[in-house]
Amino acid sequence: METLWSIVVGVMLGAGIYLMMERHLVRFIFGLMIVSNAVNLGIFVAGRLTKGNPPLIDEGALELAEGFANPLPQALILTAIVIGFGLLLFTMILAYRASTEMGTADLDQYRESEES
Amino acid sequence: MTEWLLVAPVILALSTGTFAALFMRWRTLSLVVIWVGAVVQVVSAIALLMSVLDEGIVAVAVGNWPAPFGISFVADNLSAAMVLITAIIGLATVAYASADLALRPSYPLYHVLIQILLVGVYGSFLTGDIFNLYVWFEVMLISSFGLMILDANRVQIEGAVKYVILNLVSTLVFLLAIGLLHGATGTLNMADLSLKVPMLDSGKTTLIASLFLFGFAIKSALFPVFAWLPASYHTLPSGVVAIFAGLLTKVGVYALMRVFTLVFSLPNTGLQTLLIIIAGLTMLTGVLGAASQFNIKRILSFHIISQIGYMVMGLALYTPLAIAGGIFYIIHHIIVKANLFLIGGYLQRKHGSDNLSDLGGTYKALPWLGVLFIIPAFSLAGFPPLSGFWGKFMVIRASLETGQYILAATALFVGLMTIFSMTKIWSEAFWKARPDGQPNEPLTRKEHWLYLTPIVVLAIMTIIIGLAVEPLYQFADTAARQLLDTTQYVDTVMGVLR
Chain A
17 METLWSIVVG
27 VMLGAGIYLM
37 MERHLVRFIF
47 GLMIVSNAVN
57 LGIFVAGRLT
67 KGNPPLIDEG
77 ALELAEGFAN
87 PLPQALILTA
97 IVIGFGLLLF
107 TMILAYRAST
117 EMGTADLDQY
127 RESEES
Chain B
1234 MTEWLLVAPV
1244 ILALSTGTFA
1254 ALFMRWRTLS
1264 LVVIWVGAVV
1274 QVVSAIALLM
1284 SVLDEGIVAV
1294 AVGNWPAPFG
1304 ISFVADNLSA
1314 AMVLITAIIG
1324 LATVAYASAD
1334 LALRPSYPLY
1344 HVLIQILLVG
1354 VYGSFLTGDI
1364 FNLYVWFEVM
1374 LISSFGLMIL
1384 DANRVQIEGA
1394 VKYVILNLVS
1404 TLVFLLAIGL
1414 LHGATGTLNM
1424 ADLSLKVPML
1434 DSGKTTLIAS
1444 LFLFGFAIKS
1454 ALFPVFAWLP
1464 ASYHTLPSGV
1474 VAIFAGLLTK
1484 VGVYALMRVF
1494 TLVFSLPNTG
1504 LQTLLIIIAG
1514 LTMLTGVLGA
1524 ASQFNIKRIL
1534 SFHIISQIGY
1544 MVMGLALYTP
1554 LAIAGGIFYI
1564 IHHIIVKANL
1574 FLIGGYLQRK
1584 HGSDNLSDLG
1594 GTYKALPWLG
1604 VLFIIPAFSL
1614 AGFPPLSGFW
1624 GKFMVIRASL
1634 ETGQYILAAT
1644 ALFVGLMTIF
1654 SMTKIWSEAF
1664 WKARPDGQPN
1674 EPLTRKEHWL
1684 YLTPIVVLAI
1694 MTIIIGLAVE
1704 PLYQFADTAA
1714 RQLLDTTQYV
1724 DTVMGVLR
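Those protein sequence lines, which keep their order, are chains A and B.
Everything in the first sequence is counted per our numbering, starting at 17 for the first residue and increasing by one.
Everything in the second sequence is counted per our numbering, starting at 1234 for the first residue and increasing by one.
Each statement offered as a hint is correct.
Output of the computed footprint for chain A on chain B, the stretches with three or more beta carbons under 8 Å from beta carbons of chain A:
hint, region
1, 1368-1375
2, 1404-1410
Far from chain A, by Cβ distances over 10 Å, these chain B residues were calculated:
hint, residue
3, 1237
4, 1240
5, 1286
6, 1439
7, 1443
8, 1505
9, 1596
10, 1635
11, 1649
12, 1697
From the derived model, a few chain A residues whose C-beta atoms are all more than 10 Å from chain B:
hint, residue
13, 66
14, 70
15, 71
16, 74
Worth flagging that the hints you see were computed from the coordinates, not collected in a lab.
Heads up, the beta-carbon is just placed ideally off N, CA and C, and yes, glycines get one too.
I would like the entire structure built from these sequences, with the hints used as guidance.
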């Protein structure tokens, strides 16, 4: 199970990074979305995937028995998703504003501020 | 009492920012809140530093959840010193901005965002939990995005696009590294991590450590991923760029120092040689980039990069002297760099440009400003007895002791090139005759003093650091030993409630 999802995460990261290296701002944003989801999924997988076993500690035991998914990464992802969503919205608005100001979404043409 | 001091900077900055936002319509009230808040932050940071000097490393488990389960806040010498410097720079920018930005429509928002930025910076310095560090990074990042586009003009938006893109990449890599680290060790507390990471096999360690290095390298503008910095900083108003230049990249360097001493021990990651090479190239590319520029803010932006090289050089050599030198360098650099940007901003306000070709004759008109410029400029270049000399002396001596002769030679050469850049600003902006038709905006007496007080105070601090080097060296040395010998840190954090 984890092996399959690790491969999925890898493919998503590859696709996302490829898109992020594009010159077009919109493609960059698509890449950003994919990479941030891939990272969240990666954390999720790293915390093990199990079916139908609630992570409860048995009476008298001090720690979890084997074969349970770790609940902490899932809580971490919640935080990461919220933060990622906020950043994504900001980036989209910035990209929209930038493309209207500059008249293009081609990042290679964003050179005005670097000419003195 | 100490428990409260540890969380005080974050709480104070957060409440200052919140109240300033609530009172945004009542300008005077909001300014009173900001000023009181900024001063109280400095006082609480001094109190924190005192208690760290008194008791050694201090820690608090927030909400009484004992480490490693809850989030701890920890202050050692390095953290406490960084918090104090941050508070001082925060206060200096508040004063400076009341002259520099007061006429802009975004002025009330500026103060709110600066306080939230400070929340993120304080949090990053004080937290003892690596996921919490990520959250503080985000707080810092999102408010810096806001500050980046404060005037929302074309140039700023263009710079912001580059800044946002590269910083988001860094954030995602950092998050991925945290996820993998937690998957491998099952803990997020940095003290607990320092006990568990040595149990990992070396392949895993190197992989996760390289992800951390890459994420923090973008943050701290190391070679070859520094491109966002010179592409965006010069578009910012001086009140913003001074605090960015002083603090943001240094949070990245701090994170490198913390993670690669406490969590991973740098020599065990197999990345030490790489980091030494990166440090040398960062210094070199930064200073060569600066040599080709003709705009004050852009010259200074490139110098941030070259100076970051010295700090990372301290970490990369990984001896007590080198790390002490690196810490000393960070403290010196924050003060000096912020000050140079403040002086550049003053010239820009007065003459309407920060291009060297439009400036001139300043020494004749304002000789004391020339003196105020010379102090941080020479300190940056490393003239004794100013603060920069001692920082350079320590890291270069450490590199000679460890046999890194090429690195030492690079560091010396970069120092020489720094003098070249500084004399370029001096001869163009101060020495050259005043160009025809140069605007000269008259400033009111109050504005004048609001501009100059932070510049003078920071210049005095530079001189004091240079003259009173022995106690500061002792302090940095203790800080370096605390970083290299993690037992005290781990005992303090893990034993908080024992």
